[in-house]
Structure formats: C-alpha cells, structure tokens
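Visitor: Required output: the full structure, derived from the provided sequences and hints.
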Amino acid sequence: MKLSEIIEKRTRESYATAVGNNMHDAMRHVVIAPGGDCGDPDLIAHIRAIPNLANMFGTDSRTEVPVAGTVNGKFISRRIDRMRIDLDAKKIYFIDYKTDTDRQTRRDKYHNQMREYGALLRQIFPDYEISAQILWLHDWVLEPVQVD
Numbered sequence: 020m021k022l023s024e025i026i027e028k029r030t031r032e033s034y035a036t037a038v039g040n041n042m043h044d045a046m047r048h049v050v051i052a053p054g055g056d057c058g059d060p061d062l063i064a065h066i067r068a069i070p071n072l073a074n075m076f077g078t079d080s081r082t083e084v085p086v087a088g089t090v091n092g093k094f095i096s097r098r099i100d101r102m103r104i105d106l107d108a109k110k111i112y113f114i115d116y117k118t119d120t121d122r123q124t125r126r127d128k129y130h131n132q133m134r135e136y137g138a139l140l141r142q143i144f145p146d147y148e149i150s151a152q153i154l155w156l157h158d159w160v161l162e163p164v165q166v167d
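Note that the numbering used here gives residue 31 to position 12 of the sequence shown, counting from 1, and the numbers run on in steps of one.
Simulated pairs of lysine to aspartate or glutamate, DMTMM-like, Cα-Cα distance not exceeding 20 Å: (1) K93 / D167; (2) K128 / E162; (3) K93 / E135; (4) K128 / D167; (5) K109 / E148; (6) K110 / D100; (7) K110 / E83; (8) K128 / D100; (9) K110 / E162; (10) K110 / E148; (11) K110 / D167; (12) K110 / D79; (13) K110 / E135; (14) K109 / D167.
Honestly, the hints are just simulated from the structure, not real lab data.
Guide: Okay, here's the thing in structure tokens:
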C-alpha cells in the first residue's frame, strides 16, 4: 500500500469517527417528553417517525449507562448508549447507536457487543426481561438483537 493510500484511509477513518462521536453526542441530548422536547429537532423528527422509539427518549431513560462485570471469564466495562428500565413490567430496554453505512461489515461484532451488554445486565437484573436494539443512524433503521 502506498503512503498516499494509507493517509487517505486514516483520514476517512478519522472523519468517520468524528461524525460518529458528534452524532452520539447529539443523541445523548435528545429528550422527548409530554412537557416539551429537548435536543436537535431533526433528530427528534427521525425518532418520532419510528414506531415506539420515542419511548426510549423519555425523562425515565438514561444515556451512556456504565456497566461492568465478568462475562465468559473476562472482565469487561462498557457504556450503553441509551437504556430504560420499566420496574413495573420488570423489563429493560436498551439501544446502541451505530453510524456505519454498511450494516454487514461489523454486524457480528455489534451483535456480540449487545450480547455482552445483555449478559452484564442479566447479572444485575436476573429477573428482568431484556430487550436490545441497534439504531442505525445513517438510515434510521431499528434492528432488534437477541441477547439471551
């Protein structure tokens, strides 16, 4: 590989990382509530267009939720992009945002990541049902992920 190709590849990767970080930060500030919404209006419109997704952005949801523990003999520490716990229904919902434009390239890696989140949450909330989804932000598709 030529030096110019290496530089171009790193530039693309840096740009993609910056875009992803900016989008995650903007999503972290979105709150959809009966008393009024907060955050980027375009993001809120996209969220509202997906059935039941707005429920994940209420005042009872949390962002960048830290979870840690041992999974398959390995200590891991992660952050869940958005999570909501329904204490009455004993159910945990969580979403991870992905900005990739090609869902297939890292899908297995992302599903494994979500299963790790599920395993960590299962240790904390053994009697709760866990529901996981990936929100693909490049085209606003919500993909369920089986974590049990």
